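**Q** Which chain is which? The protein sequence lines are A and B, in order.
Taken in order, the first sequence gives residues 1 to 139; the numbers are from my numbering.
Taken in order, the second sequence gives residues 1 to 622; the numbers are from my numbering.
Note that these hints are calculated values from the structure, not bench results.
Keep in mind the model is a prediction, meaning the values are calculated, not measured.
Idealized CB from N, CA, C, for every residue including glycine.
Incorrect hints may appear among the rest.
Mimicking DSS-like on lysine-lysine, the simulated pairs with C-alpha atoms at most 25 Å apart in a straight line are [claimed, not checked]:
| id | chain 1 | residue 1 | chain 2 | residue 2 |
| --- | --- | --- | --- | --- |
| 1 | A | K116 | B | K280 |
| 2 | A | K32 | A | K118 |
| 3 | B | K222 | A | K99 |
| 4 | A | K89 | B | K482 |
| 5 | B | K229 | A | K104 |
| 6 | B | K572 | A | K112 |
Computed far set for chain B versus chain A, every beta-carbon distance over 12 Å [stated by the list, open to error]:
| id | residue |
| --- | --- |
| 7 | A30 |
| 8 | E151 |
| 9 | W379 |
Listing some non-contacts, in silico: residues in chain A with all C-beta distances to chain B over 10 Å [as the list claims (entries may be wrong)]:
| id | residue |
| --- | --- |
| 10 | K16 |
| 11 | D41 |
| 12 | T43 |
| 13 | E44 |
| 14 | P71 |
| 15 | K129 |
| 16 | E135 |
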Amino acid sequence: MEYWKDPQEAVTAILKLHEAVSKDPELGESMKKVNQLIWYDYTEDGPGCAVWVDCRGGQFSFGAGDPPDKPDLIMSLSADDAHRSWSDKLNPVMAITRKKIRIKGSATGLLKLAPKLKKVAAIYVQVLKDMGWEEKIIK
Amino acid sequence: MYGNTGKIVQVDLNAGKVTFEALPESWYRAYIGGSGLAAKLFWERGCFKRDPLDPEAMLIFMNGPFAGLKLSGASRNSVAGCSPLTRHWGDSSCGGFFAPELRYCGLDGLVITGRAENPSLLFIADDSVQILDASEYWGRGAEETNRDLKERFGKDVRTLVIGPAAEHLVKYAVILNEGHHATGRAGFGALMGSKNLKAILVKASKKEMSLADPETYEELRKDLNERIKGALASDVLRENGTAANLMGGVYSGDVPVKNWTSNFWEEAADALTGGTLTEKYLTRRSACAYCNIACKRVVEVKEGPYAVPEGPGPEYETIVAFGTLIGSIDLAATCKAGRLCNDLGIDTISAGGSIAWAMEAFERGDLTLEETGGIALNWGDMDTVIDVIIPKISSRDGALGNLLAEGSLAAARKLGKGLDYTVHSKGMEAPMHDPRGGGYGMALTYAVSARGACHVCDPMLFIEMGARYYPEIGFDFIMEPKTEENKAEAAVTAVALGAIENSACFCQFADAEVSIPNWLTLFNAVAGYGWDANDMMRAGRRVFYLKRLINHRYGLTALDDALTPRMLEPGKGGEAEGSQVDLEKMKARFYELMEIDPVRGIPTRKALEDCGMAEEAAVVWK
Numbered sequence: 001m002e003y004w005k006d007p008q009e010a011v012t013a014i015l016k017l018h019e020a021v022s023k024d025p026e027l028g029e030s031m032k033k034v035n036q037l038i039w040y041d042y043t044e045d046g047p048g049c050a051v052w053v054d055c056r057g058g059q060f061s062f063g064a065g066d067p068p069d070k071p072d073l074i075m076s077l078s079a080d081d082a083h084r085s086w087s088d089k090l091n092p093v094m095a096i097t098r099k100k101i102r103i104k105g106s107a108t109g110l111l112k113l114a115p116k117l118k119k120v121a122a123i124y125v126q127v128l129k130d131m132g133w134e135e136k137i138i139k
Numbered sequence: 001m002y003g004n005t006g007k008i009v010q011v012d013l014n015a016g017k018v019t020f021e022a023l024p025e026s027w028y029r030a031y032i033g034g035s036g037l038a039a040k041l042f043w044e045r046g047c048f049k050r051d052p053l054d055p056e057a058m059l060i061f062m063n064g065p066f067a068g069l070k071l072s073g074a075s076r077n078s079v080a081g082c083s084p085l086t087r088h089w090g091d092s093s094c095g096g097f098f099a100p101e102l103r104y105c106g107l108d109g110l111v112i113t114g115r116a117e118n119p120s121l122l123f124i125a126d127d128s129v130q131i132l133d134a135s136e137y138w139g140r141g142a143e144e145t146n147r148d149l150k151e152r153f154g155k156d157v158r159t160l161v162i163g164p165a166a167e168h169l170v171k172y173a174v175i176l177n178e179g180h181h182a183t184g185r186a187g188f189g190a191l192m193g194s195k196n197l198k199a200i201l202v203k204a205s206k207k208e209m210s211l212a213d214p215e216t217y218e219e220l221r222k223d224l225n226e227r228i229k230g231a232l233a234s235d236v237l238r239e240n241g242t243a244a245n246l247m248g249g250v251y252s253g254d255v256p257v258k259n260w261t262s263n264f265w266e267e268a269a270d271a272l273t274g275g276t277l278t279e280k281y282l283t284r285r286s287a288c289a290y291c292n293i294a295c296k297r298v299v300e301v302k303e304g305p306y307a308v309p310e311g312p313g314p315e316y317e318t319i320v321a322f323g324t325l326i327g328s329i330d331l332a333a334t335c336k337a338g339r340l341c342n343d344l345g346i347d348t349i350s351a352g353g354s355i356a357w358a359m360e361a362f363e364r365g366d367l368t369l370e371e372t373g374g375i376a377l378n379w380g381d382m383d384t385v386i387d388v389i390i391p392k393i394s395s396r397d398g399a400l401g402n403l404l405a406e407g408s409l410a411a412a413r414k415l416g417k418g419l420d421y422t423v424h425s426k427g428m429e430a431p432m433h434d435p436r437g438g439g440y441g442m443a444l445t446y447a448v449s450a451r452g453a454c455h456v457c458d459p460m461l462f463i464e465m466g467a468r469y470y471p472e473i474g475f476d477f478i479m480e481p482k483t484e485e486n487k488a489e490a491a492v493t494a495v496a497l498g499a500i501e502n503s504a505c506f507c508q509f510a511d512a513e514v515s516i517p518n519w520l521t522l523f524n525a526v527a528g529y530g531w532d533a534n535d536m537m538r539a540g541r542r543v544f545y546l547k548r549l550i551n552h553r554y555g556l557t558a559l560d561d562a563l564t565p566r567m568l569e570p571g572k573g574g575e576a577e578g579s580q581v582d583l584e585k586m587k588a589r590f591y592e593l594m595e596i597d598p599v600r601g602i603p604t605r606k607a608l609e610d611c612g613m614a615e616e617a618a619v620v621w622k
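So here's chain B without its partners, still in its complex pose (with noise of 0.2 Å):
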């Protein structure tokens, strides 16, 4: 096999055992690999029935096809399962450098199933795959677990951990690489905190890879690299951080103010966006492997009560999750809340979420001090946050701790109040872009979105911006972000293409550079499958496709494809107000392009079998 190795270890922790197996080579060719990949060994081998967190629950890591191979954004790695945070398919995607070394291994992948005895950590060296004791670090944050290990094992080796949050099964608990960078959505650090899996270990000794077509792919390597390098989206994200256009965000009504209350907060531009973060508080930059682009901060707080050591900051998701969201326009805060969130192994999107729908319940009366153990939650009250709100989800410490460790519709649904003003879709927290404000398309991509409310399942972010097109498949859309119109038939291109990219773990601010002929030489010049561009396009369709096939086995249904009535709202403030989206048509006209029942939400069988899934349309058209 060329580009993918072909190869993932299965790993059970009930019984110690390790297994390597060969994965067929026509899964790689219809599902590509990432979170494609891994929805169609979750499909064949996953339980429909089991609790998330039970022991026999799969946990899958899984690389893209073009992990190590030296080029910008190609190098991230995929986690996916059943999510512990929605119960049903979830997966979430991280950069950093843990996919390179795992290829470099001679792995695409890894299944862990089963709960080890005691806290354990499994290395990976070369061939060799060991389950070691890890009782010395559980508790611990992972800053310092990242840095112990590193000590133990080498500077060179590369960590995934969790941190305390994942060990007390908090429902949106992260898995952290070299201690920062988060596999941050679905609650997968939960999965392996279930599992008293600390960390994992990868080291490599060499770096053989065979490709189809090595001299076509080192050509077009060096040109894209070169291209992503002085991209203007890649300057302006290396000067001031994936929150550069934050004070853009602020004007259209993008940025979510309490909870979704407003669209509109004008102090927020200036004191949040990038340029200030650039200005005030970072140190450096950082990257991922081999990424020309360096979008990562690296920040410090010198003075104030916020202050923080050097260290990562917080990216634009974090920024606004504690900020605006829950009314706050401190960033020195942002700073200090996000490497609290890092290191105790939390997701910051669905904690702000969650600590922003309990302000505004607690604002309404729905939430008493009685209920938060006596806890005010005021809306911008970053002390709170960080001293008191934050430490409590994390051990689940108390009424409050449990209740928002759950996730916020979980919450709502325990208080029985407060489900109108949750902010999800298929129960996880929307990230920090408001349709409303951001553009309607948006509205559309949460509500189908396999995992739930997500921004980077697909480029519709993007495209309704106006930064993306694709005329040589006939995407040649003028996208006016407030209406609907032409969203359907975009989001059609975009759910397939952000399929392929989540399936090829490409980073998307990476791969704007990247055309639909480049990306058919990618895949054609590594793994050689000799593809034309429809026969790509039917591969993101596909993954698509299967992805809602686990959900149905989950039990979910066109229904599930929803808002929440505050998403549904006219927007409040600036330039959203009055704005409102009509999620049906879009949803409608959606279905009737990509041939979806609109009962059952599932592709109809002709649909599946064009798509070459016979055999998955047998299972759920009987």
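Isolated chain A (complex conformation) (with noise of 0.2 Å):
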């Protein structure tokens, strides 16, 4: 991996950005349009190299490893490329084009949070800096 000593870091600072983003009143009520449990898959880095997040029902919950229940939408890439993502630097319909995210189950609610990830993104730079990951951040 180019950016993280191993899949626990990824799946930490992804729960942090998670954690985050709950407490963002627009990017908390967004997250719950999508209204989906979403698995993120980075298990290719490892195993239990995942997060899940659960957006059903008007609620905003989120943890490591396999998810609750069965997911809505699993989104499979690398924990590099999760991090180039959430950073706003991985346009992903040209990843998921060339496959370097492979999707399974319906994608429609993600498509509500498109527009927010430049939002997302500065809110992940901050997450790292106050992790005092600063090297990760990607200019």
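Assembling the complex is the task here: the two chains are given apart, and the hints tell you how they should meet.
**A** Structure (structure tokens):
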């Protein structure tokens, strides 16, 4: 991996990101509108390297590893591409077209989030700074 | 001949004469079919001095080689000739169900000339072609005409009809398949109307086709249909229609607002996006022939001022053209405006563009109440748009109706004001993708497109999104939309592939799953061409070149590969704030790569000869 020392680092950063997103009123509301259980599958970089986000029924919860239920959408990608993606340095359409991101399930909910990616990325940068991981920030 | 039937029918409405003709196989190999083959026919037989609505003007309908072969997205058809709107080469394509039925009748296309004495219709049943009286349908809307024709000729007859706008020669009138699939652009409905031809009906009793390698084709067909059905983009389109990503377009600045005076209207993202249409008004989904995507919408607005009964719903272009472009974010109103335009037979892009231009002109005081016949044209006034403006345009009623029925460029010229804020290329109103937000490459391909500003002449829109790449032919650019970098290089591939798509009459949503090797297998298994990638790309470039040569014969030059000042202003609002396209830089590089003369705007003699177009070169390079 280019950005992570081990899979746990990636999971920790992305969980912290979602924690920060949940505290942002606008993004928190946007997440709820997705109304899906999403599993971000980074297991190609190690077992357990995954994060689930549950936005069903007006809630917004998340955790590491396998999802609590059958996911509506699975996005499989490397932990490095996840880092690029949350940093808004990976065009998701291009990544899907070139099979860097593999999708299973309906992605219509995610389209609602796509316009917010810049704001998410700004939060992600702050999260990395707060964690003392400035060297991981993609310039 | 394999794949194509090799046969067209010529109809002379002056003499009431019908003639079948076999076209040379070499034309198919060189120009594929669809708009490419139509261009070849027009190059050979068209008249370049006549008015577009002269009785002798040719109206060409042409299938692609895969029509009726039960492959998703591959059964569109092209309509082509001299555009009534732009007065030079025009072509337009349509999904629906006409192309397969025509092919099952053993025909690749129709060429119609002359003008019938009375309103007429053409009825094609297998190898019988009749010209019948259609006086009783004249003046009726497309929906009613379609319904009545099916009652009379049978439910399984496939129809092309025009609405009242075409009868009144509105320059952007459409031709509708099954009453709602529109051959929307360039105004061929007006050409059909000028010929007193209300409808074309087609009905086949058999489905016999001859393919070069049926087993290979069948194997690929099954694979492609599965892949197309399962693709992420298909899933999104099926779920929320062609406006599925309107929300993303709002934030990138791709969705034009108030005649392109702004690139950002945040409230439009939720109000108009495809998901909202699904939630509020969708009753069911619908598809063109053999398509597994089903991006078509059927909607019902149950109550309110814009209530419409269940029927065809608006696509992305209509939602924006009758939404943000004219200052509205009322989705129900776009449903009603779109339905009305369909029934009257008007292109929603050119109608929305012309109305948006007029609203700005009115706001600026360039268009006065006296000149509109006392009608105030205010942004977002959907009642006036639906109840007054659209009906007036379609019937050319009064000064305003007549002014806007000519399109925005002609209207500005007639008014003597407002040219700088028209939004078009070569006289055709731009589609609802603003390159300042969507991607600068689109500005280039809008400008160099033969028919005028167009987002479906080539896949540049998708290339800049990141949704297309072609590693098999060395096309592997990573595109940043809002720069000029690599856009000319990308456009070289895009225009050739676009020419192939439009000549093969393949839907751009479906052919995202068709790789270059898949394209080759399709052409070779269906038509037996034995092409390699170079042969195929050369055919695409040949079609692109030929349409430019036709425009040259209409007097167009490199100066016509242009956008209007409004389109080249810095973007305003959101992510497109300050975004400004350097068109000349991209155009110069594109000309260089495509070997196009920078003054005459046509390919050099050598470039034409290298494409096997020596005869054409001799005509334009005397």
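**Q** Does K112 of chain A sit within 25 Å of K572 of chain B, going by the straight-line distance between their CA atoms?
**A** Measuring from Cα to Cα gives roughly 23 Å; hence the hint holds.
**Q** For E151 of chain B, is the shortest CB-to-CB distance to chain A above 12 Å, so the non-interface label stands?
**A** holds (39 Å)
**Q** At 10 Å, judged by beta carbons, does E44 of chain A keep clear of chain B as stated?
**A** For E44 of chain A, whose nearest Cβ neighbour in chain B is about 19 Å away, the distance exceeds 10 Å, so it holds.
**Q** Holds or violated: are the alpha carbons of K32 of chain A and K118 of chain A at most 25 Å from each other?
**A** holds (18 Å)
**Q** Would K16 of chain A pass as off the interface with chain B, using Cβ distances and a cut of 10 Å?
**A** Check passes; 25 Å lies beyond 10 Å.
**Q** Since T43 of chain A was said not to touch the interface, does its Cβ keep a gap of more than 10 Å from each Cβ of chain B?
**A** holds (20 Å)
**Q** Find the nearest Cβ of chain B to the Cβ of P71 of chain A and say whether that gap is larger than 10 Å.
**A** The claim stands: P71 of chain A keeps its Cβ more than 10 Å from every Cβ of chain B (closest is about 15 Å).
**Q** Find the nearest Cβ of chain B to the Cβ of K129 of chain A and say whether that gap is larger than 10 Å.
**A** holds (24 Å)
**Q** Evaluate the condition: distance from the CB of W379 of chain B to the nearest CB of chain A exceeds 12 Å.
**A** holds (24 Å)
**Q** Does K482 of chain B lie within 25 Å of K89 of chain A when you go C-alpha to C-alpha?
**A** Distance of about 15 Å is within 25 Å: holds.
**Q** Holds or violated: is the Cβ of D41 of chain A farther than 10 Å from all Cβ atoms of chain B?
**A** holds (15 Å)
**Q** Are the Cα atoms of K229 of chain B and K104 of chain A separated by 25 Å or less?
**A** Distance of about 13 Å is within 25 Å: holds.
Checked against the numbered hints above, the structure violates none of them.
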